[in-house]
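Novice: Dock chain D against the given chain S, drawing on the hints supplied.
2 protein chains.
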Amino acid sequence: MKIIRTPEAMQKHALDLKRTGRSIGGVPTMGFLHEGHVSLMRLARAQCDVLVVSIFVNPTQFGPNEDLKTYPRDFSRDESLCEQAGVDLLFYPEPTAMYAADASSWIDEASLSGGLCGATRPGHFRGVCTVVAKLFNLMQLDIAVFGEKDAQQLRIIERMVRDLNFPVNILRGPIVREPDGLAMSSRNKYLSAEQREAALCLRRSLDNVEEQFAAGERNTAVLRQTVVDWIASVPGAELDYIEVVDDRSLAAVETIESDTLVALAVKFGAVRLIDNAVLCRSP
Amino acid sequence: MKIIRTPEAMQKHALDLKRTGRSIGGVPTMGFLHEGHVSLMRLARAQCDVLVVSIFVNPTQFGPNEDLKTYPRDFSRDESLCEQAGVDLLFYPEPTAMYAADASSWIDEASLSGGLCGATRPGHFRGVCTVVAKLFNLMQLDIAVFGEKDAQQLRIIERMVRDLNFPVNILRGPIVREPDGLAMSSRNKYLSAEQREAALCLRRSLDNVEEQFAAGERNTAVLRQTVVDWIASVPGAELDYIEVVDDRSLAAVETIESDTLVALAVKFGAVRLIDNAVLCRSP
Chain S
966 MKIIRTPEAM QKHALDLKRT GRSIGGVPTM GFLHEGHVSL MRLARAQCDV LVVSIFVNPT
1026 QFGPNEDLKT YPRDFSRDES LCEQAGVDLL FYPEPTAMYA ADASSWIDEA SLSGGLCGAT
1086 RPGHFRGVCT VVAKLFNLMQ LDIAVFGEKD AQQLRIIERM VRDLNFPVNI LRGPIVREPD
1146 GLAMSSRNKY LSAEQREAAL CLRRSLDNVE EQFAAGERNT AVLRQTVVDW IASVPGAELD
1206 YIEVVDDRSL AAVETIESDT LVALAVKFGA VRLIDNAVLC RSP
Chain D
966 MKIIRTPEAM QKHALDLKRT GRSIGGVPTM GFLHEGHVSL MRLARAQCDV LVVSIFVNPT
1026 QFGPNEDLKT YPRDFSRDES LCEQAGVDLL FYPEPTAMYA ADASSWIDEA SLSGGLCGAT
1086 RPGHFRGVCT VVAKLFNLMQ LDIAVFGEKD AQQLRIIERM VRDLNFPVNI LRGPIVREPD
1146 GLAMSSRNKY LSAEQREAAL CLRRSLDNVE EQFAAGERNT AVLRQTVVDW IASVPGAELD
1206 YIEVVDDRSL AAVETIESDT LVALAVKFGA VRLIDNAVLC RSP
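These protein sequences, in sequence, are chains S and D.
Note that the first sequence ends on residue 1248 in the numbering used here; no numbers are left out.
Note that the second sequence ends on residue 1248 in the numbering used here; no numbers are left out.
FYI, nobody ran anything at the bench for these hints, they're computed from the structure.
Predicted, not measured: the structure shown is a model, and the values here were computed from it.
Even glycine gets a Cβ: it sits at the ideal position worked out from N, Cα and C.
One thing to keep in mind: the hints can contain errors.
On the chain D side, residues computed to face chain S include the following (Cβ under 10 Å) [claimed, not checked]:
1. K983
2. T985
3. D1067
4. A1068
5. S1076
6. L1077
7. S1078
8. G1080
9. G1092
10. C1094
11. A1098
12. Q1105
13. I1108
14. I1121
15. N1130
Extracted from the complex, chain S is given alone in its bound form (with noise of 0.2 Å):
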């Protein structure tokens, strides 16, 4: 496995790859893996000739009261799991490098970034569509593979890709989960015992919803209700948002008639988890 840590060498690689008809494929990451990374290399190794995954914590998708400064990084661990997923290229680069200090071009997507995690995290989505956009031109990516944990990003990144003609095909993986069901995320590592344990009520809550549309519950007031009551009663846990909208357009619901997607953040003190269903209309 080649560690490169410029972005020129990177795509200067990438480049000198794609002339020989290489295709690469690529999973962005900022780093401190975990195995639902892991399972998105698996995803991209079955489809490409070079696997390269990247470890970035990007500073333009945290807000100023965020956890940039304590968002955890390992990067000898990561490295290893990188070596033993079978990754060929891991793109280690310096915050400095990767932005001008006068840089001032970025990439808006003004459709499905308002809602859910924007609204909580304003700039949040324009420093991730950003910073893919780079990484798929220094990474030469022909295939992509983004997380289903963070399913706005997902769909704010195939829009953009679509939007922008990016010639790369995006992947999803599906979410991986520790045996209780917690959602596999770099930031559990921060919860106490207790918090841990609390963390259940994502899952659980949305396990809830699921269960009362199988029922045939379509109402997406009630449906909600079912959400904020839930975590109000878990102590230690304070709702962030929960949104019941179209799987497409993100846009609210009020009665379900199509695809649609449950989505909820929970804090846990510092500490905020998300984690997300897809209601089927047709299963």
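Specialist: Relative to chain S, chain D alone:
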């Protein structure tokens, strides 16, 4: 010369060329081609294996009161000119194929775009950046040539390429002028005989600025006033702006100490023309 009408076919063809190691040079245009465009094609032709020209009157870079509908079009003449210039591929998409009805991803350059043409054409450079990025992705360009007549556009595109890491080498094509000095433009055809004569004021007032600069004048207020007075003396000419700015940051300059861009826009009835000159500190 092959003519390609859909974005999908264009991208597939370009990706196939790239995989066989061919380099692609391109000239994005809005058609109604003139000798200025042809000079850009010659520049690209000399440095690539495959030369692509796009003809697309991009709706997103026109304001609601601008000349999208009346912008001159003559495809069969453009086709002949491209054929004569040795163009391999002519990309000529339908507007509806280039933008989805719910397109929502846009590229904003936030530093260089505010002044000059950006001040009187809000949203113009967002449209330009977005369509240029789309064309880069569709035509898979290694080299792209843009004309120096659109000085601000050129600098914004160079900035976007740097900031978003597009693997495209931008070449600057010198301004091509009519024998009497008028910069070539597709919009020149709108001019009446009187306006055509009056339009010489752009180049002549810039000549005058260059003469003053050569004689040692470094006060930009003095240089600007020269142009304001010159244009005011020309019947039928209405100054849109005259700016004297740093050639890299496009920030206003009071005393010239480094390379400086002098750019102006002048209206003749409904026709708006631009021109510019760079004052080099060390020629």
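Novice: When the structure is checked against the list of hints, which entries are broken? Sort them ascending.
Specialist: The structure conflicts with hints 8, 9 and 13, although it agrees with all the remaining ones.
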